[in-house]
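Q: Take the two lone chains and join them into the complex the hints point to.
Protein chains in written order, with my numbering: chain A, 125 to 308; chain B, 1085 to 1402.
Since the hints were derived computationally from the structure, they do not count as laboratory data. No residue lacks a Cβ here, since even glycine has one placed at the ideal position from N, Cα and C. Be careful, since some hints might not be right.
[Said to hold, decoys possible] Derived, one-sided and incomplete: chain B residues facing chain A with beta-carbon distance under 7 angstroms:
hint	residue
1	Leu1126
2	Phe1132
3	Gln1133
4	Leu1151
5	Tyr1153
6	Lys1171
7	Met1179
8	Asp1189
9	Thr1197
10	Asn1389
11	Gln1390
12	Ile1392
[Unchecked claim] Computed footprint of chain B on chain A; a stretch qualifies when at least three of its residues, placed anywhere within it, have a C-beta under 8 angstroms from a C-beta of chain B:
hint	stretch
13	191-198
14	235-247
15	251-258
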Amino acid sequence: MKTRRAKRGRSNLASGCTGRAWLALCLFCLWPVPAGLFTGCSSPNPEDAARPSAYSRNRTICWVLFDFDSLFCSPCLAPLLEFCRSLPVPVQEERVRGILVYGARPDKAQDGLYARILQKKMHGFAKANSLQFPVVLDGFHVFNSLVKSSVRAVLFDDVKQIVKAYVFPLQPGERDEIMQLLLN
Amino acid sequence: MKKNSKLLARAAAVALIVPLSFFAAEQRFKVSIQEVLSIGALDDEAIFQWTGVAADSDGFIYVLDGLDYSLKKFDVKGKLVKKAGRKGQGPGEFMAPRLLACSQDLLYATDQTVLGISVFDKDVRFKKRIPFSKPIADLFVLSNEMIVLAAMGFPEPGKIIVMDGSGHIQTEFAYYEKDAGPMMDSISAALDGQGQFYLAYLFQDRIESWDGRAKRLWSKSLLGIQKVEREKIENYLVPTEVCYKDISLDDRGRLFVLAGKHAKNPGRDVYILSPSGEWLSTLTLPDTTHCIYIDRQNFLYARANQGITLKKYRLIYE
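Chain B on its own, in the form it takes in the complex (with noise of 0.2 angstroms):
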C-alpha cells in the first residue's frame, strides 16, 4: 500500500512537472524589439511607399520605392546618400520594383511587370540585367555571383533555381508538384548557412523545409487552415486570402514568419520557429508590414505608416 502510494505521487507528480516543464520552456524564449531607427516621414520625400529591403555589413540601407521607381541608398543614420532609377524598361529603370537582395558588392532588383534581375553596384549604379523569363516569387544571394530564386511558374510547378551571374541556371528542384491552379505556389523563401532552404507558402498554411538535394525535411500548418478563399477572375480560381505573407531567419537560424490575414494581429504577428519547424514564440510588431528582414547583425526592418516609413528595430532575446 505504502510501495502504490509512493508511485502515484511520483505519477502525480511526473504528470505536474511535465505540462509545466512545456510552458515555462515556451515563456522562457521570448522575443522582443528595440527601434533604432526610422526613415521616411509624412513630411519629407525619403520614401513614398516601399517594396524591398536589403542591408549590407556597413549598415548602409537599401530600399526600391514603388510609387517613384527607384532604388535608395540611406547610411546607417537613416539620410539618402544615393538614389537611381526612374519610370520605364529601359537598363536600371522600374515600373514596378519589388524584390531586393544584397551580395558582398552587389544589389540585385526584380519587377512585378519587368522579367529578369537588375543588377546594381553598391553606389545604386546599373550594371546589367539577368535574364529570366518567369516571374520572381522570392530572392536570395549566395555570392556575388550566384543567386537563388524562386520562380512561379502556372501551370508549371514552381521552382528553386540557383543560378549564376549570367542567369546560366546550376541547379533546380520543383518545390510544389500538384497543380492547384494559378498563385498557389507563391511562396516567400530563406536559406541559410549550412544549405537548407525554407518556404512558407503566401496562399497556403503550409511551412516547409527543403534540403539542398530536392529532399522536403518538413511541413507545418501553424493556423489550421484547410482551405483559403478564392475567387473566379475569368477561367482561373485565384487565392484572394494571405496566410504567410513572408519569412527570413536571424543570425541563429530561427524562422520569422510574418502571418497573414488568419493571425490574430494580420500582418503583424511574427511566429518564430526552431529550425526543425517548431514553433517557439510569438512576436507582434507594432504596425502593420508586406515584408520582414533581418540582415546579418540580426536587425529586423518592417513597415510602417502603410509603407511610407521603414522601421529597423534591435532583437532582443530574453
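Pulled out of the complex, with its shape left as it was, chain A reads as follows (with noise of 0.2 angstroms):
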C-alpha cells in the first residue's frame, strides 16, 4: 500500500506540484510506525488490513499535535478529544496521526527509558480516551516550537494540494472544513 502510494508521489513530483505537496508526500510515505501502536485499540485483523474502507481512497491526512504537559490538562485537550471522538473509527485509524510534543531530556542517555515511558504513558491516556489513531513521539523535538501551549491539527492532500495548518479549539467552520476533507 505505501509502496503504491510512494511511487505515486515521485510520478507527482516529476509532474511539477508544489515543494509543500512533495513535503506533505515524503512525510507521509516515511511515516514510521504501524497502526495501533500507542492506541488504545487492539491490533487489527490482517484481513480487515487487507480489505480497504470507504475512506481508503482518501488522500488526505490530518496530523494532530500536542504537547505531553497536556495530557494532563483535561481542559486543554478537550476540544481534540471530541473532535477525534466525532471521527468515524476507520478515518482516525486511516487518516489521522497523533505527534506527542514533549521537551529535551539534559541526561541524553536517559532518552531511550523517557520515550518509553512516554510511549506507555500515551497508550494509557489513548486507551482511556478511546484515541483509535496511532502516535508517534517527536523524539528529535521537530515541532516543539510549533506547539508551544497549542494544540494543532495539520491537513495535508497532494491531490487537491492543500497544507493547512488549524489551532485548537477550531474556529467557526473550520471543523467542518476538516470533516469534509477527511470524509469525502
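A: Shown next as C-alpha cells:
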C-alpha cells in the first residue's frame, strides 16, 4: 500500500507538484509507525487490514500535534478529543496521525528510557480516551516550537494541493472543513 | 597555676566534647530504605501515572491514576485486583484524580478539577460524594466518618478543616493569615496521634506545627530561602519554585519532609525532623517523586520512572 503511494508521489513530483505537497508526501511515505501503536485499540485483524475501507481512496491526512503536558490538562485537550471522537473509527485509524511533542531531556543517556515511559503514558491516555489513531513521539523535537502551549492539526492532501494548519479550539466552520476533507 | 591549668584542661575537654557529641548524635541516627515491592513497569498496564496512594492495615495498596482516570486496588504482592473509575464528572468518575486517604473501611479521593471528595469502599465501589466548595491541598482521615482537609482559599486564608462524612464542618482554623498572593498557602499536612498538625508549605521555606486549638507551636526554615521566584500570570504573581513537596509521619511521630527544587537532590531528599522540629537526618530516595506516603506499618511509598512505577520501601533505622 505504502509502496504504491510512494510511486504515485514521485510521479506527481515529476509532473511539477509544489514543494509543500512533496513535503507532505515524503512525510507520509516515511511514516514509521504501524497503525495501532500507542493507541487504545487492539491490533487490527489482518483480513480487515487487507480490505480497503470506504476512506482508503481519500488522500487527506490529518496530523494532530499536542504537548505531553497537555495530557494532564483536561480543558487543554478537550476540543481535540471531542473532534477526534466525532470521526468514524476507520478515518481515525487511516487518516489521522498523532504527534506527541515533549521537551528535550538534559540527560541524553536517559532518552531511550524516557521515550518508553512516554509511550506507556500515551498508551494509557489513548485507551482511557478511546483514541483510535496511532501516535508517534517527536523524539527529535521537530515540532516543539510549533506546539508551544497549543494543540494543532495539520491537513495534507497531495491531490487537492492542500497543506493547512489549525489551532484548537477550532474556529466556526473549521471543523466542518476538516471533516469534509477527511470524509470525502 | 596548677589549678588554672586544670581548669583550662577541663574547659578544653568540654569544648571538644560538646561539638563532638553533637555531631556524633547527628550521625548516630541514620535512616535507610529497602525496597520490598515495585508496582508498574514499562511493559504492563498496571499504572500509567499515579498521583495519590494509600494502604490499609491488611496490606492492600490503593492508587489513583491520573492518566486513565481510575482508582486501583493492588494486593500485598502488587497484583491489580480491582479497578474503578473512568473519565467524567459523574459518580465515581475522575477528571484529574489527585489525593487519596484511607480509613478502616473507606477510601477518600479528591479531583483537581472537580470539587468535593469522592468516597469509595475497600472494593473500590463508589459510595457517595462529600460536597466541598474549595480546592483541597491535602487530606487525611481520623475515622470512617471524620476527615481532615487543608483547604486553599485565595483571597481568603488557607484553612485546616475537620468535617464529618456528610460534609458538616466540626471545627476549622486558618493557618495562613497574611494575603501573600495565590498559591502561597499551598501546603502538605500531616496529623499525629496527639492531634498535632504539621504543615510543609509548597512555595515557602516554612515547616510548622500547630495544636488542635489553632495555636502555632513552632515554625522552621530548613533551606534558607528568603523569597521564592514568582511569575506573573494575568494579574497574579504565581510561585514557580517548590520548596517542599510533601510531608508524612512515621510510626514514632517523626516528620519526613520531601524537598523540592532547592535541595541537593530535588524531589529525592527527605529531611527527617523530630516532632519538635529538630533536623535529625536526611534520606535520599533513589528516584524523584512528587509525594511520599508512610503507612501504619511504617512502609514508605514513593514514585519511580516518572510515575509509572510505585515503590514500597521498608524504613530501616540505624
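Q: Look at each hint and say if it fits the structure.
A: Comparing the hints with the structure gives:
no., hint, in the structure
1, Leu1126, "holds (5 angstroms)"
2, Phe1132, "holds (3 angstroms)"
3, Gln1133, "holds (6 angstroms)"
4, Leu1151, "holds (4 angstroms)"
5, Tyr1153, "holds (6 angstroms)"
6, Lys1171, "holds (6 angstroms)"
7, Met1179, "holds (5 angstroms)"
8, Asp1189, "violated (28 angstroms)"
9, Thr1197, "holds (6 angstroms)"
10, Asn1389, "holds (6 angstroms)"
11, Gln1390, "holds (5 angstroms)"
12, Ile1392, "holds (6 angstroms)"
13, 191-198, "holds (count 3)"
14, 235-247, "holds (count 7)"
15, 251-258, "holds (count 3)"
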